[in-house]
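**Student:** On the provided structure of chain A, position chain B as indicated by the hints.
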Amino acid sequence: MLTYLFFLSSGLFLGWSLGANDASNIFGTAVGTRMLKFSFAATIAGIFIVLGSVISGQNTADTLNELGSINALPAAFAVSLSSAIAVFLMLKSGINVSISQAIVGGIVGWNVYTHNPTNAETLARICASWIFCPVISGLIAVALYLIVKKITSHSKIHILWQDWIVRVGMILTTALGGYALGANNMANVVGVFIDSCKFEPINIGHFYTLSNIQILFLLGGIAACIGVFTYSEKVIKNVGENLLAFSPVVAWIVILSQSLVLMMFSSNLLENLLTAINLPALPAVPVSSTQAVIGAIVGIGLAKGGKGIKWGLVLKLMSGWVISPLTAFVLSYISLSFMENVFRQQVMIP
Amino acid sequence: MNSLMFNVKISLFARTRELEHSIDGLHDKIIEMTMVFKEAVDIYLKELRSEKYRQISKKIKQIEHDSDILRREIESKLYEQNLIPDMRGNILQLVENLDRVVNLFDEVAHKFYIERPDIPKIYHDQLKTLVGEVSDCAENMAIASRAFFRDLVTLRDYSQKVYLLEHQSDKTSAKLRNEIFDSNLELAQKIQLNTFVEEVADIADLAEDCIDALLIFAIKREI
Chain A
1 MLTYLFFLSS GLFLGWSLGA NDASNIFGTA VGTRMLKFSF AATIAGIFIV LGSVISGQNT
61 ADTLNELGSI NALPAAFAVS LSSAIAVFLM LKSGINVSIS QAIVGGIVGW NVYTHNPTNA
121 ETLARICASW IFCPVISGLI AVALYLIVKK ITSHSKIHIL WQDWIVRVGM ILTTALGGYA
181 LGANNMANVV GVFIDSCKFE PINIGHFYTL SNIQILFLLG GIAACIGVFT YSEKVIKNVG
241 ENLLAFSPVV AWIVILSQSL VLMMFSSNLL ENLLTAINLP ALPAVPVSST QAVIGAIVGI
301 GLAKGGKGIK WGLVLKLMSG WVISPLTAFV LSYISLSFME NVFRQQVMIP
Chain B
1 MNSLMFNVKI SLFARTRELE HSIDGLHDKI IEMTMVFKEA VDIYLKELRS EKYRQISKKI
61 KQIEHDSDIL RREIESKLYE QNLIPDMRGN ILQLVENLDR VVNLFDEVAH KFYIERPDIP
121 KIYHDQLKTL VGEVSDCAEN MAIASRAFFR DLVTLRDYSQ KVYLLEHQSD KTSAKLRNEI
181 FDSNLELAQK IQLNTFVEEV ADIADLAEDC IDALLIFAIK REI
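Protein chains in written order, with my numbering: chain A, 1 to 350; chain B, 1 to 223.
Now the stretches of chain A that chain B is said to cover, found in silico as 3 or more residues with beta-carbon under 8 angstroms:
hint	segment
1	33-44
2	140-150
3	156-163
4	246-252
Calculated Cβ distances over 12 angstroms to all of chain A for the following chain B residues:
hint	residue
5	GLN55
6	TYR113
7	GLN126
8	THR129
9	ASN178
10	LEU187
11	ILE191
To be clear, the hints were calculated from the coordinates, so they are not data collected in a lab.
Don't be surprised by glycine CBs; every beta carbon is placed ideally from N, CA and C.
Next up, chain A with everything else stripped away, as it sits in the complex (with noise of 0.2 angstroms):
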């Protein structure tokens, strides 16, 4: 069990980076616009975070697991550390990325290595979700922002109302994102520790029994509820110049967004409905934060007249998306590699 406890810090630190840094995806234009205060935003998030793990996190899981389903402990570790390093050298080269490129990335460097044949297909559906998580996150903010704007055009609600919806649909939303963020990024934490899982189901009364996964992934979400609070303050600092660009509305619409593009993206009930009404699904996959988040900016930028767009950036944060893959991939071959034949571990069980 402790070997497994050692082996599991990579993810549990891949956790704490999720709530380091994708909680500013969730509530950091809230606390940037000073719409809510951080401790209560965190709070919110960080209990919506672990439930969102515990209760549908393993629906992501299961398209990671078809792309490769790591059985080895050292080679779980290796992958996740690769992909916290990709992540940590493309934050430290100053483009936002998510821990799901990563994590993708990775998990094909240990296929390769490990002469495993990577499913074509699930690579090709996750891949087509990350254009996909940016562009209806765009369209669900261009969207919402036409309505709110048309609302608030014709409401003559007083400014001090207005304020006040805003900032009980920022706590929701927060709620929500939080909840989402949990369904869908916790498979990027554990998913690798899930065939290698040594934990025992908690009977918690005589209700309900936490299974050895969902314990798993209550110690991700708790890993990156830590985050959240340690280190996620100081992130969202450090954008809240950019953010300051935004009113408080927009910024709701920017959170609003996010959050149901990783909803939709992570519920296997929606997937079936639009499955079985001849329309195409939207895999339960592990889409990024950071994507929907800037699909939403940009969609709105463009709804705005578009002149405001720093399309430089948009672009620089777009080779971001390629080059953390790659990087996480080269990592993850490499460490296997040393996993293998410097520290005499097995990467994987036949």
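**Tutor:** Frame of chain A, contents of chain B only:
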């Protein structure tokens, strides 16, 4: 616990409602001031510094005092309740600007009371026209300012009216001042009357400045 939370919510809502009433109250006071000022100048032109003028002068002082209290209430409540953080600075500036207009009405009315200018009958109609335009200008400014909180389309409509009335008052005051200096009055009287006309016209200028700032705040308020 639930009942405590319910009470907290109710009290927060009640405090927001109070602030809304204070903001509306301040605008009501400005509109009241424009009406009373017009009446005060009429009384002065008819009766000079009579008992009636003294009474109406006191009324103007009271309106100015009440609007000062409302301004302070709005400023402190906005910060105490941490409301509209992105627009708070703008609203404080707006409230200060409105207060300046109210103060100028009070100053001019008080100046009539203290200096008791001798205004020849020949200028009465033009002065009444000027006071009417200036008061209407300030009234429209108050309506535009009230609309800023609820309805930006109405704000634009009334802002246009303020600009037109200010332009009109500029023309009226220029004509009046020209006539004063063309007359055979003593230089001292000419200068005194000129100062009065200028100060009355300044009210419209101040209302226009207030609208300029308000329209910039409105751009920020658009989502």
